[in-house]
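Knowing the structure of chain A, use the given hints to seat chain B on it.
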Amino acid sequence: MAMFAAFHVAGSGLLATRKWLDAVSDNIANINTVSRTEDDAFQARMVVAQAEQYGGAGGVRVAGAMFGDPEGRLVHSPDHPLADEQGYVRMPDIDLGDQMTQLMIAQRGYQANLSVVKHAQDAYTSALQLGQRR
Amino acid sequence: MSIPSIGSVTALAGVAGLPALPELPSVTPADGDGGFGAALTSGLSQLEGLHDTSDVLAVQAATGDLQDIHDYMIASNEASIATELTVAVRNKAVEAFTEIMRMQV
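If you read the protein sequences in the order shown, they are chains A and B. 65 is the number that the working numbering gives to position 65 of the first sequence; each next residue is one higher, with no gaps. 52 is the number that the working numbering gives to position 52 of the second sequence; each next residue is one higher, with no gaps.
In isolation and in its complexed conformation, chain A is listed as follows (with noise of 0.2 Å):
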């Protein structure tokens, strides 16, 4: 399919893109997420983008996720129905700053390739008005 390479190099980055996105929500949704001390903390999820190298039309791919520190941070918190004898929870070592970095460039990202899609729409479309004599 190398006719509308252009839109599916784009659908590439967006697929890519959008599942970011998914894994930023996924972080923010459980910055908050406490478990026991002798519990895994949430471990934030990072996609790992590849570049489509092997002859195809190109593009970008999802190769797999990869999961950040399950040690997390131990908050003292007493009263916490979960906290352990000592007071301690443990949460997720996320960074809500980076996390909405993130989200900024994710969505930058989808918007980019949403962008290269109405461009290689509007080029087919005036390429199609070439030698029309209305």
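Treat the hints as calculated values from the structure; they're not laboratory data. A quick note: this is a predicted structure, and the numbers were derived from the prediction, not measured. Just so it is clear, CB atoms sit at the ideal spot from N, CA and C, and this is done for glycine as well. Hints are supplied without guarantee of correctness; some may be wrong.
[Unchecked claim] Taking lysine to aspartate or glutamate and the DMTMM-like style, the derived pairs with C-alpha atoms no more than 20 Å apart in a straight line are:
no., chain 1, residue 1, chain 2, residue 2
1, A, Lys19, A, Asp98
2, A, Lys19, A, Glu52
3, A, Lys118, B, Glu84
4, A, Lys19, B, Asp55
5, A, Lys118, B, Asp68
6, A, Lys19, B, Glu99
7, A, Lys19, B, Asp68
8, A, Lys118, B, Asp65
[As the list claims (entries may be wrong)] Some chain A residues judged to face chain B by a derived CB distance under 7 Å, without partners named:
no., residue
9, Phe4
10, Gly11
11, Leu14
12, Tyr88
13, Ser126
Showing chain B alone in chain A's frame:
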């Protein structure tokens, strides 16, 4: 006034026959695999495939099974541009045909 006999008018005698027309190249049909008709047919079947993809995604959008919005939008855009392209090719072919039919014989 003496009128020269017609036989003495010899100016035309030097006019030789027109040179033979050069041999026209013979017209061969395009590479044996049906030419334009086959190209149009394969284009139409490709177009049908694009519309099928777009329809499947439209049904998924309606039933809530659609994973990615952009997948459907890209597929429908592709189908619409491919349709316009096919129609443009058909119009050009019809235009060429009518142009030939209008030729004075």
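Query raised in the report: Looking back at the hints listed earlier, which ones does the structure fail to meet?
Result: 4, 6, 8, 12 and 13
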